[in-house]
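Novice: Taken in order, these protein sequences are the chains called W and C.
Residues 34 to 250 (this note's numbering) make up the first sequence, in order.
Residues 30 to 269 (this note's numbering) make up the second sequence, in order.
Treat the hints with care, since some could be wrong.
What the hints assert, rightly or not - Here are the computed distance ranges between Cβ atoms for each label pair:
1. W:Ile230 <-> C:Asp197: 38 to 44 Å
2. C:Glu199 <-> W:Asn85: 27 to 33 Å
3. C:Lys136 <-> W:Tyr106: 47 to 53 Å
4. C:His37 <-> W:Leu249: 39 to 45 Å
5. W:Ile114 <-> C:Lys139: 24 to 30 Å
6. W:Lys80 <-> C:Asn100: 42 to 48 Å
7. C:His37 <-> W:Ile114: 36 to 42 Å
Simulated from the structure, these hints should not be mistaken for laboratory data.
Beta carbons are placed, not taken as given, at the ideal position from N, Cα and C, and that holds for glycine.
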Amino acid sequence: MEKLLHNIIEFLPSLLKGTQFTIQITFFAIIISTLFGFIFSLCLISKKRYLNKPVRIFINIIRGTPLLVQMFYVYFVLPDIGIKLGAMEAGILALSICYGAYHAEIFRSGIISITIGQWDAAKSIGLRYHQIMSRIILPQAARIILPPMGTSYIILLKDSSLASVITVRELTRAGQLIASTTFENLTVFTMVAVIYIILTQLLNLFIHAMEKKYRLK
Amino acid sequence: MIEIKNLHKFFGKAHILKGVHLQVKKRDVTVIVGPSGSGKSTLLRCINRLEEIQEGEIWIDGENISSTSTNVYKVRAEVGMVFQQFNLFPHMNALQNVTLGPILTNKKPKKEAEHSAMELLRKVGLSGKEQTYPSQLSGGQQQRVAIARALAMQPKVMLFDEATSALDPELVGEVLNVMKQLAQDGMTMIVVTHEMGFAKEAANRVAFMDDGIVVEEGPPKEIFDHPKTQRAASFFSKIL
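Chain W with its partners taken away, still in its complex shape:
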């Protein structure tokens, strides 16, 4: 028991350091992937072929390849064409593009679920496209978008562990390093798992607060 406590106290600082990286990657990837997803979804619902076709093809490519391969691609292949990114930035970019593709479909499903009558009414009082989107469509679509979006954010958080393969010392990698030198696999990976659970629960709280905000009156 005493040894366990001692181990926990010894491992905690470097695991927390890793947690900090995990939070950073997740935070930026959530914001950027949400932005990508929204922009992609506007292209997808556009009637203009030069907007919806290329984005549709791009999304199919992204959804058709493993995130792990995308990580390698961003970190090892992009430098060949002159785009050099640090491990952290590469991890954030790969996650953002990959989840941007999924988020595009989530946004799209929310936007097309709003009846055409809402567009008609908003147009009939002279509103512009961006006003209709921001004032009429998105506030209503949020109710439909948020539950699957929340799930997606949680998967994104866990998938940030894949950045370990491109040398980012995030939580999983930090755990691996400790385990490989101390052989305290049970303790280390249980601690890692518990930290992930705490992070995902915090994310859950945030999502639920958002869902409450957009609940139907």
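Following the hints, put chain C in place on chain W, whose structure we already have.
Specialist: Structure of chain C alone, referenced to chain W:
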């Protein structure tokens, strides 16, 4: 005031409006009747440019609103529209529904917009419902909020697209009364409706549409009692 010349509208290959001619004078209340699928709703949607037209012209107050150089947002702001399904914004209360257009499109200060909105809600008999959300209102009340929302833009003309068709029978009267009041106040109105009572009582012109054209147009009494065409006669014999 409104002049529609040789209006054609296609949805893909389907030819919906096949050369509509119609004139509406200022303060006219024109009721458009006709079998379903005859293009009545499409015609209204063309007048505030919710639909693009393929041929012909629509003139409002001496301006060709169907030309590509016309500011489509300005046209829509000047032409009020009331829909069959109300289409209120469910995430906004009655007051917000009515003030949104004036604030965003007409750039009115919020206080001023709210003041006029409350006046309009009173006019349609909904004083005290300002903070109520659409889901807590009856169909008739929702449609009256929708009328107030359209009036708040101070439109030159009001279009009613089967405004009472989705209402329970006992709620139709309250909406028709508001429409009659508007007509008495001198609003120029184009009304697509199946309420022949309203046509007889409040309209000064009736246009009968069939198969994408205005077949007959004239004062209600003349159109209803002495239709010139076989098509109109057979339609009225079924519904009157």
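Novice: Each hint: holds or not?
Specialist: Cross-check of the supplied hints:
no.: 1; hint: W:Ile230 <-> C:Asp197: 38 to 44 Å; verdict: 52 Å, violated
no.: 2; hint: C:Glu199 <-> W:Asn85: 27 to 33 Å; verdict: 46 Å, violated
no.: 3; hint: C:Lys136 <-> W:Tyr106: 47 to 53 Å; verdict: 49 Å, holds
no.: 4; hint: C:His37 <-> W:Leu249: 39 to 45 Å; verdict: 42 Å, holds
no.: 5; hint: W:Ile114 <-> C:Lys139: 24 to 30 Å; verdict: 52 Å, violated
no.: 6; hint: W:Lys80 <-> C:Asn100: 42 to 48 Å; verdict: 21 Å, violated
no.: 7; hint: C:His37 <-> W:Ile114: 36 to 42 Å; verdict: 52 Å, violated
Hint compliance for this structure: hints 1, 2, 5, 6, 7 are broken, all remaining hints hold.
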